[in-house]
Structure formats: structure tokens, C-alpha cells
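Participant: Place chain B on chain A using the hints.
Chains as they are written, first to last, in the working numbering: chain A, 122 to 235; chain B, 6 to 118.
Calculated directly from the structure, the hints in this document are not laboratory data. We put the CB at the ideal spot given by N, CA and C, even for glycine. Watch out, some of these pointers could steer you wrong.
Sample of chain A residues facing chain B (criterion: CB under 7 Å; computed from the structure) [as the list claims (entries may be wrong)]: (1) H206; (2) I218; (3) E223; (4) G227.
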Amino acid sequence: GAVVSQHPSWVICKSGTSVKIECRSLDFQATTMFWYRQFPKQSLMLMATSNEGSKATYEQGVEKDKFLINHASLTLSTLTVTSAHPEDSSFYICSAILLFNEQFFGPGTRLTVL
Amino acid sequence: TQLLEQSPQFLSIQEGENLTVYCNSSSVFSSLQWYRQEPGEGPVLLVTVVTGGEVKKLKRLTFQFGDARKDSSLHITAAQPGDTGLYLCAGLPRTSGTYKYIFGTGTRLKVLA
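In isolation and in its complexed conformation, chain A is listed as follows (with noise of 0.2 Å):
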């Protein structure tokens, strides 16, 4: 299956400042990717479409000045949690678009905010 890899794996960070995680497809180029939250034990919830060369888009209930979201590559798209929270503690997970609609995850961000 196609690679998508994130970094960094986890981060630990003080209240109030940014952290930027990236997502890169390592083997195929994605115009689409897409960035996920996990709360412990629960599903996947879409927080943004990230779309090569143009705006995100984001879910309702996620805050865009929060998340800031930028795919300026074929290969790249990132996202950074800005003025981070201990609320924003989670675990986020990016997913890229391969050819038939097959999805591809990372492994992973975890994120914990003091």
C-alpha cells in the first residue's frame, strides 16, 4: 500500500504556543489529504480537507484560525495547532487520497499540550 508519514510521532508543548505537524505521502503525489482528530478510544473525526494549491476546508465546529491548514505541495500538507491549549491534547492523524478512492493514513500525532 501507498506510505504516508507524519511528524513529528508526538510533541509535548507549553499553553499558549504553536505546534506544526506534517503529512507527507512518500510515494505517490495527493492533491487531497485530509486531518483527523482521536479522542482515547473513539472513532475518527474529520476536522479540515486540505486541498493542493487552494484554501482548506474546514468541518463545522472546527475553528480555521485555530487550525491552520497548508498544503503547498503535491507531497506536503500542515497543520498547525496556533496558541495550543491543554483542550487541544488529542491525537491527530492525517490521511491521503490514492487513486480509486483508497484512503491512506500516517501513523499519528500525539499531541499533549501542559
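Facilitator: What follows is chain B alone, placed relative to chain A:
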């Protein structure tokens, strides 16, 4: 709101037993995927089904897409401890003009040795 309900939510079984996980919706999907996720990792794609009534097998796992493409099932034969994990179904609504999949509520499986 389109929902994908999975049942059961939790399942704890002994090694060697069989089990079936269901994924149900009132919406029609153009394709449906099953994933397995282990703690601290991203979901891993197991299978994609696109045709109503389609059955796919992956070793001890059998996946079926409902005839009306509104539901799906995952059957595991002779479960092993390595099958432990969170199983997620995800459907792409037929009316969707994007690749936005809707995820199911998840089934947490624990197989005891």
C-alpha cells in the same frame, strides 16, 4: 447527518472463536473501507469494497458489502490475539462530490490467548 453505526462496540473473545462486526447506515455508499487500528498508530487499510453484494477475503477475514450498498460486515474466523484492535468502517457517500469518507463508530476487539 449521515451516520455509520458499528456493532458491537466492544467484543472480548477467546482465541479460536469466530466473530462478526456490522457496519450499518441508511445512506448509500459508492465505496466502503475497513481499517484496523492499534493503540498509538494510524488506521491500516484492510479492504475496499465497491460493488453491492461484493465479498472479499483476506486470509481469515471475510468482508461483505450489502446488496444496497448501505451496510457491510466483517467476519473473522478463528480469531487470534494479533487480531486485537479497533476496527473501523468508512463509507464514501454516493452523493459526495469529494473524497470525504464517513467513519463508523468503531468496534474494539480483544482476543484473549
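Participant: A separate judgement is required for each hint: does it hold in the structure or not?
Facilitator: Hint-by-hint comparison with the structure:
1. Among the interface hints, the one on H206 of chain A is violated; its C-beta lies about 23 Å from the nearest C-beta in chain B, farther than the 7 Å criterion.
2. The beta carbon of I218 of chain A is positioned within 7 Å of a beta carbon in chain B (closest approach about 5 Å), and the interface hint is therefore held.
3. Restraint check, E223 of chain A versus chain B: the minimum CB separation of about 6 Å is within 7 Å; hint holds.
4. Among the interface hints, the one on G227 of chain A holds; its C-beta lies about 5 Å from the nearest C-beta in chain B, closer than the 7 Å criterion.
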